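For the record, the sequence lines run as chains A and B.
Going by numbering that gives the first Met the number 0, the first residue of the first sequence is number 0, and it counts up by one from there.
Going by numbering that gives the first Met the number 0, the first residue of the second sequence is number 0, and it counts up by one from there.
Treat the hints as calculated values from the structure; they're not laboratory data.
Computed from a predicted structure; not experimentally measured.
Ideal placement from N, C-alpha and C gives every residue a C-beta, glycine not left out.
A hint or two may mislead.
Below are the EDC-like pairs computed for lysine to aspartate or glutamate, each with C-alpha atoms no more than 20 Å apart in a straight line [stated by the list, open to error]:
id: 1; chain 1: A; residue 1: K35; chain 2: B; residue 2: D94
id: 2; chain 1: A; residue 1: K149; chain 2: B; residue 2: D94
id: 3; chain 1: A; residue 1: K111; chain 2: A; residue 2: E24
id: 4; chain 1: B; residue 1: K337; chain 2: A; residue 2: E98
id: 5; chain 1: B; residue 1: K349; chain 2: A; residue 2: E98
Partial chain A-side listing against chain B, Cβ under 10 Å, derived [as the list claims (entries may be wrong)]:
id: 6; residue: E24
id: 7; residue: I95
id: 8; residue: R122
id: 9; residue: F126
id: 10; residue: Y159
id: 11; residue: E207
id: 12; residue: V230
id: 13; residue: V238
id: 14; residue: G242
Chain B regions said to be covered by chain A (calculated; three or more residues, Cβ under 8 Å) [to be verified]:
id: 15; region: 38 to 51
id: 16; region: 344 to 351
id: 17; region: 420 to 427
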Amino acid sequence: MTAATSGNKAPIVLRIKRQDTPTGEAYWETFSIPYKPNMNITSVLQAIAGNPVTTEGKKTAPLNYDAACLEEVCGSCTMVINGRARQACSALIDHIRAEVGDGPIVIEPMSKFPVVRDLMVDRTRMFENLKRIKGWIPVDGYYNQGHGPKIDPEQQEEMYAMSRCMTCGCCLEACPQFTKDNHFVGAQVISQVKYFNMHPTGDVHADERLEAVMGEGGITDCGNAQNCVKVCPKEIPLVDSIGWVGRKATVYSIKEFFTK
Amino acid sequence: MAQKRVIVVGGGLAGLAAAMKLAEDNVAVDLFSLVPVKRSHSVCAQGGINACNEVARQQGYSEWEHFYETLKGGDFLANQPPVLDMARMAPNVIDLLDRMGVPFNRTSEGYRALRLFGGSLFKRTHYAGATTGQQLLYALDEQCRRWEVEGRITKYEFWDFLWPVLDDSGRCVGIVAQDLRTMQIRSFRADAVVMATGGNGLIFGQSTMSVICTGSASARCYAAGAWLGNPEFVQVHPTAIPGEDKCRLMSESARGEGGRIWVPKKKGDSRQPNSIPEEERDYFLERLYPKYKNIVPRDIATREIFYICEQGFGVGNGQMVYLDLTEKSTGIKYEELKKKLGGILEIYEKFVGVDPLLEPMRIYPAVHYSMGGLWVGFEKDSKPFEADGKGGVGGGMKHGSPKNQMTNVPGLYAAGEADYQYHGANRLGANSLLSCIFTGLFMGPSVKNYIESQKGAAAELPSGIFDARVRDEQGKLQKLLKANGDQNPYVLQRELGKTMSDNVTIIRVNSRMKKTLALIEDLKQRFQTKLGMPDGSTWSNQTVGFARAVWDMMLLSEAITKGAIAREESRGAHFKIPDDKAERIDIPLDARALPRDDHNWLKSTIASYKNGTCELSYEPVDIALAEPVKRDYGKTTGAAAAAAATKPVEEPVAAK
């Protein structure tokens with residue numbers, strides 16, 4: 000009943016890149032797990048945890064990796080699977096086999112963030128960037144003050160698409176401009192600038208948000224590779240967001256030039 | 000005097016709502032979470048959030064109806080004053096979320112759109128696509144980020160709550176927690192502690208909950224002396240996609256928007272569902288409940304699905320029924336449903352590989368929500384209830400009372416799914432997001448008033464009690480790290496999950512549950528004497544954290560099972576079948592089960608942990624506002640169905 004499946008029921012072989020500590024050397028281990036229908040990478044990692052033995056028969060520690068919802072909505076379990084950043088929960092074995100054949104599945108931590116251990120990486124930078132752009136609606140307070148602004152359905156749909164960003168990091172992993180060592184903000188946060196600036200109340204901080212993504216590491220560092228939009232699991236129109244924010248930033252800087 | 004602080008444990012909707020409300024009221028908050036708060040389990044909620052609204056109001060709905068539906072949905076086990084306040088405040092909660100930028104779906108004129116949800120005949124559910132929980136969580140996460148920048152909230156993400164610290168008088172004055180990266184264990188002082196740590200689905204193996212929902216934080220409070228309320232009440236959601244790693248929820252909104260549940264009339268019919276003609280399908284919920292049809296409350300839908308499969312009508316003779324959203328069955332256009340249900344349809348498509356608008360989904364019930372949780376109290380409003388055609392005035396809780404949401408341990412509070420207070424024996428769909436945000440906001444002034452009423456600050460207490468608890472926890476950790484037996488913690492959890500799921504969910508039979516209790520005892524023994532720790536690392540060791548939670552899950556399992564064995568009635572999600580009728584599938588489930596017994600069992604279960612085991616006691620339910628009535632949703636049998644369909648809607652009873 001699944002769409003594209005290979006039909007292969009051979010044991011699943013995983014080659015996994017491991018690292019014990021943030022400064023430790025990376026090394027590889029291979030595991031073989033009996034196939035069951037409808038398995039995903041998460042269930043394979045769970046199976047390994049119950050019997051953490053490599054194909055060479057070496058006892059080892061269960062894999063460390065972030066995981067929570069397993070429904071591709073929390074963003075936790077992002078890792079690089081056969082070269083592509085994606086969530087382990089929605090990476091179905093049958094689909095992977097249909098795409099790339101029955102060879103070993105190669106799993107690595109994302110390379111654009113510091114490794115904590117094994118497949119866990121430190122994505123603090125993404126959350127810090129949300130602080131930098133004042134990623135919130137500045138309501139007066141939480142006492143009852145009636146309803147919010149009326150919003151037409153087209154605008155809601157446009158905003159809803161961006162509000163589904165789960166801070167997973169796929170767009171940054173795929174971006175040639177975003178590296179461990181530079182300060183490029185990347186598509187995730189640029190799209191959030193558009194999201195908050197589109198909101199009638201969020202608009203209060205619109206200029207500050209634009210300033211936060213201008214200058215060094217800002218939006219002009221985008222090389223327009225458009226990898227981000229291709230890998231986004233939520234299909235957020237990231238390139239549109241970058242274009243929108245770029246135009247607003249240009250208008251803003253011209254305005255600033257003439258008023259200062 | 001040193002500044003007073005509040006610790007909030009858990010960064011889902013309840014924890015974030017409490018943190019932001021306290022921050023607004025000038026209280027310093029330390030927020031602890033296992034994961035970045037933006038990844039908390041609230042993110043999974045799909046369908047929506049209930050509140051009376053102006054459209055429904057003009058059709059005869061009110062806050063009182065919302066209150067009454069919630070009570071009836073919960074089979075009258077919930078204390079009524081807190082539920083009344085929740086229903087009353089619900090419209091304000093929606094307004095606040097709206098102001099905070101939640102992208103609620105809109106009508107063509109730009110107003111908030113509404114949908115139908117279980118247990119109601121009125122559209123009173125607000126939604127943002129089919130990812131309402133995600134949108135709400137993000138809005139609250141954003142507000143907390145704002146307070147973080149302003150220095151009122153300090154976040155501790157990737158920290159595990161280990162134990163509440165109590166002073167000599169039994170007050171909670173802080174916590175012990177562990178940094179899950181450095182593995183450092185240390186204490187934190189606080190003048191009050193709020194537990195907003197969610198449910199415990201992992202106890203049942205595969206559930207719709209996130210894998211972090213072990214219930215361990217509640218279990219640790221329980222082991223330290225906090226009571227559990229109604230632990231035996233566990234919601235099994237009727238529609239989930241069965242899975243090896245977890246069961247993925249298929250939102251009730253699928254049915255609210257027109258989705259229909261059916262099985263082939265012929266047992267073992269192996270045809271593709273689309274090629275089975277209408278007249279050969281049994282839309283059994285519509286047949287049995289002509290009034291509510293597919294949106295009967297969850298426990299009822301779950302049991303009907305269970306029973307139809309038990310009789311052998313399940314798809315392919317197995318445990319599976321169809322949930323049909325195809326245009327052929329619903330009469331609703333592809334594009335319209337795509338717009339309203341996009342998020343959940345995508346989940347099905349992604350995890351099963353089939354477009355559910357083109358082919359009926361295969362679904363089965365799965366554990367979904369913990370109605371039970373930490374027992375919390377409330378102080379009643381001294382003003383008696385007076386009806387006003389809306390939610391009335393008086394009769395609820397005394398706003399700002401330090402007793403509201405406080406556990407039996409002074410200074411230890413609970414909110415959201417972690418508490419037991421709002422949903423009685425069964426939660427209505429789209430009430431969980433509401434109860435989480437409501438409790439978080441509502442308790443803000445209560446917690447603040449409590450800490451202001453206490454002499455001195457926790458920061459000034461001698462360090463001895465804190466150090467002693469830290470040493471305890473370090474000792475437990477060392478013992479776990481050195482465990483060298485042959486029992487893998489993940490395997491122990493699977494064994495626990497299987498027995499709990501098989502025996503303490505949809506139907507409950509004492510003889511089976513007694514075996515489960517014995518197995519839990521055996522698992523506890525094996526954990527203590529034969530555990531093997533496959534990872535001895537002292538850096539970012541997830542396995543040791545998981546093993547610690549396995550023990551906690553066993554403690555909660557014991558409370559759930561004991562509570563279920565003791566309760567000799569059926570009520571809401573708790574459905575007791577006498578031993579001799581367990582196998583009698585020739586008798587319909589309703590006829591096999593013990594009836595609700597208000598005379599003996601209209602009371603809340605209190606589980607307390609004494610001498611290493613669970614002890615049960617009971618307290619009366621506050622039913623001051625509405626008389627419990629028989630909870631039926633117009634069930635009919637066979638020929639009576641057509642006649643019943645024409646009967647008028649049952650009116651909720653008026654306030655006393």
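### Task
State the violated hints by number, sorted upward, taking the hints as numbered earlier in the document.
Checked against the structure, the hints that fail are numbers 1, 4, 6, 7, 11, 12, 13, 14 and 17, while the rest are satisfied.
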